[in-house]
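Build the full structure now, drawing on both the sequences and the hints.
Going down the list, the sequences are from chains A and B.
Heads up: the first sequence begins at 0 in numbering that gives the first Met the number 0, then just goes up one per residue.
Heads up: the second sequence begins at 0 in numbering that gives the first Met the number 0, then just goes up one per residue.
Hints are computed from structural coordinates only; laboratory data are not their basis.
Keep in mind that this is a model prediction, so the values were computed, not measured.
Where is the CB? At the ideal position from N, CA and C, for every residue including glycine.
Watch out, some of these pointers could steer you wrong.
[What the hints assert, rightly or not] Lysine-lysine pairs mimicking PhoX-like chemistry, simulated, CA-CA at most 25 Å apart:
id	chain 1	residue 1	chain 2	residue 2
1	B	Lys164	B	Lys191
2	B	Lys164	B	Lys116
3	B	Lys7	B	Lys191
4	B	Lys118	A	Lys195
5	A	Lys276	B	Lys144
6	B	Lys164	B	Lys7
7	B	Lys118	B	Lys137
8	B	Lys118	B	Lys144
9	B	Lys137	A	Lys276
10	B	Lys118	B	Lys164
11	A	Lys195	B	Lys116
12	B	Lys116	B	Lys137
13	B	Lys219	B	Lys241
14	B	Lys164	A	Lys195
[What the hints assert, rightly or not] Between beta-carbon pairs, the in silico distance windows are:
id	chain 1	residue 1	chain 2	residue 2	range
15	B	Ser117	A	Pro265	35 to 41 Å
16	B	Asn18	A	Ala173	30 to 36 Å
17	A	Arg112	B	Ser44	32 to 38 Å
18	A	Lys276	B	Asp189	36 to 42 Å
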Amino acid sequence: MTQTQSEYEPSAIEHARRSFRIQRKRKSTLVAIASTLLFSLVVAIGLVSTPGWERVTESFFNIEVGIEAFPRILEGIWLNLRVLFFTTISVVVFGLLLALLRTLRNPVFFPLRLFAHGYVDFFRGLPLIIVLYIVGFGIPGLRLEWLGRIPVEVLGTVALTLTYSAYVSEVFRAGIESIHPSQRLAARSLGLSYGKSMRLVVLPQAIRRVAPPLMNDFVALQKDVGLISVLGAIDAVRGAQIEVATYANFTPYVLAGILFVLLAIPTVRFTDRISAKLAQREQSGSAL
Amino acid sequence: MTDIDWSKPRLRATGIRKNYDERVVLGGVDLEVYPGQIVALIGSSGSGKSTLLRCLNLIEQIDDGQIWLEDQDISAPEVDQDLVRQEIGLVFQSFNLFAHLSILDNITLALRHVQGKSKEEAESIALRWLDRIGLADKSHSYPDKLSGGQQQRTAIVRAVALNPKLLLLDEVTSALDPELVGEVLELIRDLKQSGTTIVMATHELSFARDVADWVIFLDKGVIAEEGEAVEFFRNPREARTKEFLARLSGR
Ligand SMILES: Nc1ncnc2c1ncn2[C@@H]1O[C@H](COP(=O)(O)OP(=O)(O)O)[C@@H](O)[C@H]1O
Ligand SMILES: [Mg+2]
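Below you can see the structure in the form of structure tokens.
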């Protein structure tokens, strides 16, 4: 039986090295904490001593107004969450479809590839707010009887999907192209069709690889759902706007903002976690 | 020597040509492989060995010639190529195991999704093969946790588990550390014993002499010389062959 690591007694030199490292780490941590505290203190004193500080706290951090406005904002954020849910699903589906179209090599599919290419260029360049206006006011403007009256949140979902699919398809495409051709070759040589080798071999690896940038786009979408308020949907932002008008006080905006941030934090943490895990798998020595 | 069924070739290729742009990589190759036969394909780097094997597996489209698998002309344009490929296994120099799948799932993937076998059936076939190569206890490991020799043996088994009519091996030991070559050659020897029909590109001349029945020497995309293995190595006729054999054994 060989000796296990826990039974092993390190040499005196290794002991000295270890205690030196621990001391150095402790010192760095103390310096970091002290400098952070000092910086925060300076900023805080600077803010409080400004001539308008009183007025700003009154109009942005008014507790009573916050409590009054809270229910409507909460109801609004529920709408944002529903829009987020449906947009995410349609963006994944549509984005993946666009990415697959762009990777088709057969000349037969040239027109489809060209369409996908043009689409991505167009919607990556067009500001989201303009897409929202065009979809939100343009589609109802067509007065298509058979469509009936489309709820604004649906129009918002469509607009967000149009823009975000363009971004997400590029992420998917980068992922697909990062998978070495030999993987697809091996799949095809076993008799898997193009579609099956994509679905069973290439995509699972590609999606794993681009999970961090995909999550990043999700975080961006999480706050951009607030833009549907420009169409008149009573979401958290619009709800806050109404309350601001009622109380002539900006606290509802701050409140809505805080809710959006709270919503984003779990996603951001989760993204960091999977990024770290992937990095750990891909390369050792990443601590350097 | 194991029994070779000489009544009808398993694979027959005639006048295979392949160009990349203006370069002629295969300049009309004829080939017959009989059931149970092991054919060794030798030749210097760039002579077209890999290209020939890829053409036979229909991964590359040939520019002229014909390929028959038993009675079927598999070079005909209306042929379902995916169906043909599962009958002709191809194993690469660089293993190419699926990185996101366990060893077991690497083997079951095509059994399930090409041959339509149930998960249980596919796994029992895969486990039988893994047992045979002594990797049953690694069935849930991922490829990057295996040695090169273990990966390559898994890749070979992944192809033979589909019970192909023909197995093509493209320099399967060339990317391995010298001490790992033996275990892969051992598996090929074992497959020969059980009657697998194999065409293998290789630089392992002594192995080719021991195990192959027929040797083909490819030079600049054409067959420069071929013959029964023992005779081929003992008595090469062409000057080019002699030079090649001398160069390789002199390494
Ligand atoms: N996809 C390709 N495109 C262009 N040339 C290629 C391609 N594949 C192989 N070749 C060329 O064909 C020749 C034969 O290559 P190959 O079949 O790999 O030879 P071998 O396997 O005997 O070393 C080489 O000169 C190589 O450069
Ligand atoms: Mg080669």
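Violating hint indices (sorted, rising): Result: no hint breaks.
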